[in-house]
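Undergrad: Now for the letters of each chain:
2 protein chains.
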Amino acid sequence: MDVQRLELLRELADRGSVTAVALATHRTPSAVSQQLKVLEREAGLPLTQRQGRGLVLTDAGRALARSATDVAVSLAKATALWDEFRNHASGEVSLVTFPTAGQMLLPGVIKQLGADLVLNCADEDPELSDFPAFTAEYDIVLAHSMSGQLSWAGRGLSVVPLMTEPLDVGLPVGHPLADRAWVGPRDLVGETWIGVTDGYPFERILHAIEQEAGSRLSMSQRFADLALIESFVIAGLGIALVPRYTSGGGQPGRVVLKPLRGVESERQIVALMRPDRAERLAVRTVVEALRAEAARVQQAHTAP
Amino acid sequence: MDVQRLELLRELADRGSVTAVALATHRTPSAVSQQLKVLEREAGLPLTQRQGRGLVLTDAGRALARSATDVAVSLAKATALWDEFRNHASGEVSLVTFPTAGQMLLPGVIKQLGADLVLNCADEDPELSDFPAFTAEYDIVLAHSMSGQLSWAGRGLSVVPLMTEPLDVGLPVGHPLADRAWVGPRDLVGETWIGVTDGYPFERILHAIEQEAGSRLSMSQRFADLALIESFVIAGLGIALVPRYTSGGGQPGRVVLKPLRGVESERQIVALMRPDRAERLAVRTVVEALRAEAARVQQAHTAP
DNA sequence: TGAACTCTTTAGACTAGCTACATGGACGTG
DNA sequence: CACGTCCATGTAGCTAGTCTAAAGAGTTCA
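For the record, the sequence lines run as chains A and B. By the numbering used here, the letter at position 114 of the first sequence is numbered 114, and the numbering carries on one by one without gaps. By the numbering used here, the letter at position 41 of the second sequence is numbered 41, and the numbering carries on one by one without gaps.
To be clear, the hints were calculated from the coordinates, so they are not data collected in a lab. Cβ atoms here follow ideal geometry from the backbone N, Cα and C, with glycine treated the same way. Some hints could be false.
[Unchecked claim] Distance ranges between label pairs, derived from CB positions:
no.: 1; chain 1: A; residue 1: 275; chain 2: B; residue 2: 116; range: 32 to 40 angstroms
no.: 2; chain 1: B; residue 1: 123; chain 2: A; residue 2: 20; range: 51 to 59 angstroms
no.: 3; chain 1: B; residue 1: 92; chain 2: A; residue 2: 88; range: 38 to 46 angstroms
Take the sequences, apply the hints, and build the full model.
TA: And the structure:
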C-alpha cells in the first residue's frame, strides 16, 4: 500500500477530477489514472466510478481518502519535527487573502519572517469565493465570517482564529451622528446606505439592523470594494458598515467611525488550512506570525 | 520524504543494527544503508552515527523514528479500513506465547478464526524473555506480569489486557491443608516449596508470603516448567504456586488447588503489540478472539 | 453530427532501488 | 601483533515501477 497513491485519491476527493489532480501534482492525467487503477486493484474493491465524462469516488473511496488525510498529517508532523531539529522553516508558503485582511496583516507579517521562508500571497474577492475550496490550492486561506456562523466547520479543515474585528458605522465628517459616542439601530433609520454586494457577509448585520429598527434601510449602491465604499461615504452619498481596523486604507482619517450597539456587529478573521499542511513548520510559523500581527493591530486600536 | 525510508529508520531503532533491519525486511544490508543515507541527506542532519562496528541513532534520529511510528499507525488504520470494506481479515498473523497461556487460549482461538486468516504461533520460555523485544518479530506477544506491575508500560507499545488469572497453592491429594476452603500465609510456614527459576514473576508472591508469615520459606527445587512442578507436587515432594486455569495440563485433576488469601496472588495476561501492527484488521480480529476465549475460560472456572 | 472535453489504454523511456561483490574500520584471539 | 570475523558502506549493473506521449473511447453540448 503506497502513500503516494493514497495522496492521489485524496486529491481526487478534493478536486473532483483526474485532470485537476494531474495539474495540481505536475503529472499527466494518464499517470494519475494508472496509479488510481493500481490502488483500486490493491484494495480489491471499486474506489471510483464514472459519472458522465468525469469520475467520482465511491463510498469506500471517500472513506479511504479520509483516512489518507490522517496519513498525510502524521507525515507532515514528521517532516515538521525534523525541520524543528534544524530550526529552519524551509520552503515556500502560499496564502490567499481577501483584500482588507491582507492590507491589515500581511505587511507586518512579512517583516516578521526570516529570509529563508518565502511567503507567496494572492488575493481573491470574498463575495464570490468559497473559502474552503481555496485550501486545495493555497497553504493558508484567510477567511472571514460573522461571529458564530462558521460555514466551514466540519469539513475536516484546520481553523485557526486570528482576530475579531468590530464592524462600525462609517459616516462622513459633519454628519449629524458624527459627534455621538455610539449609534444604535433606531438612529440609522432614514439614512441612505452604501451596501455590499449580495452574498457578502456584512449583509446579515444590515438585516439585523432592519429587524431591530423595525423598518427597511434604503440601499443606494452595492459595492464589494471597501475603498470604493469609503469614497462614497466621504463624498456624503451615504453611510456604510466599515471594518474598524481596516478602514482608511484609501484616504486615511476622513471617515468617522461609530461603534454600533444593539446589534452584534463584528467579523471573525480566521486562517483555514488542510490539516496536513497546517502541520508544516513553515506554515505554522506563518500562522503564528499572523496571530501575533493580528494581536498587535488589535492592541494598537484599543490602547489609545 | 518517503515512508519506506522512515520505516527503515524505525526498524533500526527497534533492532539496533543495519544487518538486523536488512534481515527483517528481506533486503541486503547495502540497500538499507543506502536508503538511510538518502534519508539523512534529505533531513539535512545526521540521524545515525557509528559506534564501534555498529550504528546507533542520534537524538534526532530517535525522535524521527518515533514519529515514524505515527505514520505507520495511520497507514495501518487506512489498510484496516479497506479490509473492513471487504470484511475480510487478510493475511497471516504471528504470535508468541509463554507455554501456559498458549495451552489455555490458543486451541479455542484458532477454532474461532476463519479459514482465510492464518495464525502462526510460537512459544518462548517466559523466564528468559524480554517480552517487548519480541514485538519486533511477532505481531502479537502474549505476556504476563503481576497485577499492577507493568514492566513494559511507556515503551510505546499497545497493551491489551486479556485476563487476570489467580495463582493458587497447589497441594498433593491427602495433604493436611487439602480439605480447607482457602489458605493464608501463616498456614504455609514449614511447608517445602517447589519454587520457580530466579527472575520468574511468581517469585514476588513467594516473597510476599514470607513477609506476611514472618519467616522464610524453604525452597527445595527451582523449575520453570509448570507440568514439571506439578509432577513434583503430585509426588508429595512439596507444594507450589500454580496458575488456577492452567493447572492440570499434564495430569488433570491430581493437584488440589487452594485459593491464597492475605496476599495478592494473581497474574495479568496481556497482549503486547507494536501500535501499527495492532491496527491491522487481521491482528485486531485475533486479539478479539483472544479476549473472547479468555473470558470463556474465566467463565468456565467461576460458574461451577 | 461533429467539436470539445474527460478518462483510459498502450508503448516506450527513464529512474529509483535492489543485488552482488568489493572495500574499509573495529573487535577479539591465538 | 597479525589474522579472521563482523559490520557498515561504497560501486556497478539490472529490474521494476512510474512517468510521458499519443491514440482511443465515451459523454456532453451546439
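Undergrad: Hint by hint, note whether the structure agrees.
TA: Hints versus structure:
Between residue 275(A) and residue 116(B) the CB atoms are about 35 angstroms apart, so this pair conforms to the stated range of 32 to 40 angstroms. At about 55 angstroms, the beta-carbon gap between residue 123(B) and residue 20(A) stays in the expected band of 51 to 59 angstroms. Between residue 92(B) and residue 88(A) the C-beta distance comes to about 44 angstroms, which sits within the given range of 38 to 46 angstroms.
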